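J.: Protein sequence lines correspond, in order, to chains A and B.
First residue of the first sequence? That's 0 in numbering that gives the first Met the number 0, and the numbers climb one at a time after it.
First residue of the second sequence? That's 0 in numbering that gives the first Met the number 0, and the numbers climb one at a time after it.
Hint data in this document are derived by calculation from the structure and do not stem from the laboratory.
Worth double-checking, as some hints may not be accurate.
[Stated by the list, open to error] Among the chain A residues that face chain B by a calculated CB cut under 10 angstroms, a handful are:
| no. | residue |
| --- | --- |
| 1 | Lys-3 |
| 2 | Leu-4 |
| 3 | Ala-9 |
| 4 | Ala-15 |
| 5 | Thr-18 |
| 6 | Ile-21 |
| 7 | Tyr-117 |
| 8 | Ala-210 |
| 9 | Ser-246 |
| 10 | Lys-251 |
| 11 | Glu-292 |
| 12 | Ile-302 |
Here the structure is a predicted model, which means the values were calculated and not measured.
We treat Cβ as the ideally placed atom computed from N, Cα and C, and that holds for glycine.
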Amino acid sequence: MGNKLIVTAAPHITGADSTQKIMQRVCLALCPTLVAAVVIFGVNALILTAITVAACVFFEWASCKLMHRENPTGDFSAVVTGMLLAFNLPATLPWWMALVGAFIAIVIVKQLFGGLGYNFANPAIVGRIAMAMGFAGAMSNYPHPEGLDALASATPLAVADQLGSESYVTLLLGNHGGVLGETCAITLLAGGLYLIWTKVISPTIPVTYLATVAVLSLAAGRDPVVQLLSGGLILGAFFMATDYVTSPTTTKGKLVFGIGLGVITCAIRFLGTMAEGVSFSILLMNLVVPYIEELTRQDRLGIAKVKKNKEGAGK
Amino acid sequence: MSKFLKRSALGAQVPHEKRTSGMETVKMPLPTKIVLSMSQHIGAPATPAVAKGDQVYVGTVVGKSGGFVSSDIHSGVSGIVDSITTITGSNGAKQTAVVIIPDGAQTVDPAVAPPQVTDLKSFQDAVRASGLVGLGGAGFPAAVKLAPKNLDEIDTLIINGAECEPYITSDNRCLLEDTQFILDGIQAVMKYLEIPRCIIGIEGNKPEAIAKMRGAVPAGVEVKELPCRYPQGAEKVLIENCTGREVPFPGLPSDVGVIVMNVTSVAFVGKYLATGMPLTTKRLTVDGDIVKEPKNVEVVIGTPVRELIDFCGGFTDEPGKVLYGGPMMGTCIADLDQPVLKNNNAVLAFSRKASQTPKMSNCIHCGRCANACPLGLSAKEIVQAYNNGDVDLLVQLNADLCMSCGTCSFVCPAKRPLAPSIALAKIMMKNGGKK
Numbered sequence: 000m001g002n003k004l005i006v007t008a009a010p011h012i013t014g015a016d017s018t019q020k021i022m023q024r025v026c027l028a029l030c031p032t033l034v035a036a037v038v039i040f041g042v043n044a045l046i047l048t049a050i051t052v053a054a055c056v057f058f059e060w061a062s063c064k065l066m067h068r069e070n071p072t073g074d075f076s077a078v079v080t081g082m083l084l085a086f087n088l089p090a091t092l093p094w095w096m097a098l099v100g101a102f103i104a105i106v107i108v109k110q111l112f113g114g115l116g117y118n119f120a121n122p123a124i125v126g127r128i129a130m131a132m133g134f135a136g137a138m139s140n141y142p143h144p145e146g147l148d149a150l151a152s153a154t155p156l157a158v159a160d161q162l163g164s165e166s167y168v169t170l171l172l173g174n175h176g177g178v179l180g181e182t183c184a185i186t187l188l189a190g191g192l193y194l195i196w197t198k199v200i201s202p203t204i205p206v207t208y209l210a211t212v213a214v215l216s217l218a219a220g221r222d223p224v225v226q227l228l229s230g231g232l233i234l235g236a237f238f239m240a241t242d243y244v245t246s247p248t249t250t251k252g253k254l255v256f257g258i259g260l261g262v263i264t265c266a267i268r269f270l271g272t273m274a275e276g277v278s279f280s281i282l283l284m285n286l287v288v289p290y291i292e293e294l295t296r297q298d299r300l301g302i303a304k305v306k307k308n309k310e311g312a313g314k
Numbered sequence: 000m001s002k003f004l005k006r007s008a009l010g011a012q013v014p015h016e017k018r019t020s021g022m023e024t025v026k027m028p029l030p031t032k033i034v035l036s037m038s039q040h041i042g043a044p045a046t047p048a049v050a051k052g053d054q055v056y057v058g059t060v061v062g063k064s065g066g067f068v069s070s071d072i073h074s075g076v077s078g079i080v081d082s083i084t085t086i087t088g089s090n091g092a093k094q095t096a097v098v099i100i101p102d103g104a105q106t107v108d109p110a111v112a113p114p115q116v117t118d119l120k121s122f123q124d125a126v127r128a129s130g131l132v133g134l135g136g137a138g139f140p141a142a143v144k145l146a147p148k149n150l151d152e153i154d155t156l157i158i159n160g161a162e163c164e165p166y167i168t169s170d171n172r173c174l175l176e177d178t179q180f181i182l183d184g185i186q187a188v189m190k191y192l193e194i195p196r197c198i199i200g201i202e203g204n205k206p207e208a209i210a211k212m213r214g215a216v217p218a219g220v221e222v223k224e225l226p227c228r229y230p231q232g233a234e235k236v237l238i239e240n241c242t243g244r245e246v247p248f249p250g251l252p253s254d255v256g257v258i259v260m261n262v263t264s265v266a267f268v269g270k271y272l273a274t275g276m277p278l279t280t281k282r283l284t285v286d287g288d289i290v291k292e293p294k295n296v297e298v299v300i301g302t303p304v305r306e307l308i309d310f311c312g313g314f315t316d317e318p319g320k321v322l323y324g325g326p327m328m329g330t331c332i333a334d335l336d337q338p339v340l341k342n343n344n345a346v347l348a349f350s351r352k353a354s355q356t357p358k359m360s361n362c363i364h365c366g367r368c369a370n371a372c373p374l375g376l377s378a379k380e381i382v383q384a385y386n387n388g389d390v391d392l393l394v395q396l397n398a399d400l401c402m403s404c405g406t407c408s409f410v411c412p413a414k415r416p417l418a419p420s421i422a423l424a425k426i427m428m429k430n431g432g433k434k
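In isolation and in its complexed conformation, chain A is listed as follows:
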């Protein structure tokens, strides 16, 4: 039998990219921000990240073991979830709470729905939201670098309207209160650009999201730079809203998704009682992705649009 030729359907070659490589690149893109977090908030930031990553990988392995699924931890997606979850926590958070968050993200949101590719929402986002509800006190106990001005006393968003252009540099460098991975805009942007450059993500979602927030901020009479650089916007726009599983695939869909994110974020920030709206806007938009997908399909080559017009006329 050994000398028989192999017969399969074409194509007979595949590209060099793999799920694993993509996830590894996302991890790499998050690393500069992790370093910044350690510089700003101390070694606790590193320890907390290590704990959530280890917990996410463990929960992924354990739940698959229990459900008799193949061990998927080699694909690095749990590492990405762990890092993103940690980036959404204050560095002072008790470690056991981080474990709860990791459990919710990996077991409840991801594996119970079928594992990678089947989750309806971004696991790290749901983990963060659940924790923000359950551990409201600890989750908003933002540590702040010592010896700084009023900016450090709270997250900048809470006092956004009092901030002027003199705060821009502080916001860029992230030397202020907040969760550990959202403050340093420079490293987040660098990581985001790396992902765009390596074609892991398309710039469409982050650019439309940020642009929408900027435009609505201007319209609402707020400082757009402060709005863009504070809260979890940059982290959310580049790393969480671009999660493949829970974002649209077509350029049209990505535009709709980005605009929707911007509108909801601004609505929560400007009109709601909460200071921050990034995670809720991502969660809400995650839920409508299947509908966006259906309504924003690409035009197929040579397919006349007669059908579409008819449907449109009927409505």
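Following the hints, put chain B in place on chain A, whose structure we already have.
T.: Just chain B, lined up with the frame of chain A:
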């Protein structure tokens, strides 16, 4: 920007692997036998026109065209018909085949003479008699293609020299070695079909061929450099890139006033008008990681693959896959006794290691398949609909538009076999929901 929103159609950055592009074509000596399948084209199979023991010559008709969409098949050797037999083709179907043992004399059939071509009708008849089928790979009878119903609406002839498949360089060699025949063929098609404009599309990875053609073409013929993104050579993609026109579906290039011919096909037309020698030989790229001496070979159609490989030094390792055509769209052959067909442009052989199918994992909905698809199809949605048996959705997604170029499978980071699944989805659509 509006086009960008319409359809990404990024294609795929496939590896070129065109190490044979600088290798001049060598002629392979006569094989010990030739096996002429009667099904070397799209359409009705030809019927054997010879019997066991008959003497045939170079250019003798051994298979008579089986209908309008069909083609004659000619012997490339002089010799004796050994048998009329049944073979299993690379697609698994049983085919009738004529086996001929060459006598080595290569006596040319007395009937072979340059055709008398004076007008459209005699031109079409000549092409029909030549046994020409689409040599780019499709194998569509050329005489049918050159007789469109709306001839007066055809304003553009596109010559496909994209050669977007990795490894294959036979079209590149054709552009370099048969330049005059290509120009003669183009001139004849333009003259008799009264087509005012011709565009030769060549992918940018063949700078030598582009330069040579640019230096040689007459007025009215344009050489267009195509981007190096697979699949530039796909007919609909090529037409859109060269003219901006979208071929309607279902429909033909002629519906948008275009006829597309492969460079090798049009070069053959030029050569046939000069010599009258029907299609009996073919230029092939023989390559792959276990082929000892990769070559461009001119070979008699019907030569067993085994003898062709032997001519190229044999294998350096145990073969895994042996392909007719390129690694993106080529078909695997099950044994080395398969003969070379008219529409082959390459025979590639890969080691067992290179032939392994990578491990598949969950779809992560990255959308690369949809953004790469040259036709704007969403492979992941089509495959999902197929798995759910949802024919209505398959219709809505235009799954039947798929041309199986394999781009979606190639770019998938989860290594999912999207293209073959879509092929199954198309069958399900045809059968009205049955898998």
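J.: Going through the numbered hints above, which ones does this structure break? Give me the numbers in ascending order.
T.: The structure conflicts with hint 8 only, although it agrees with all the remaining ones.
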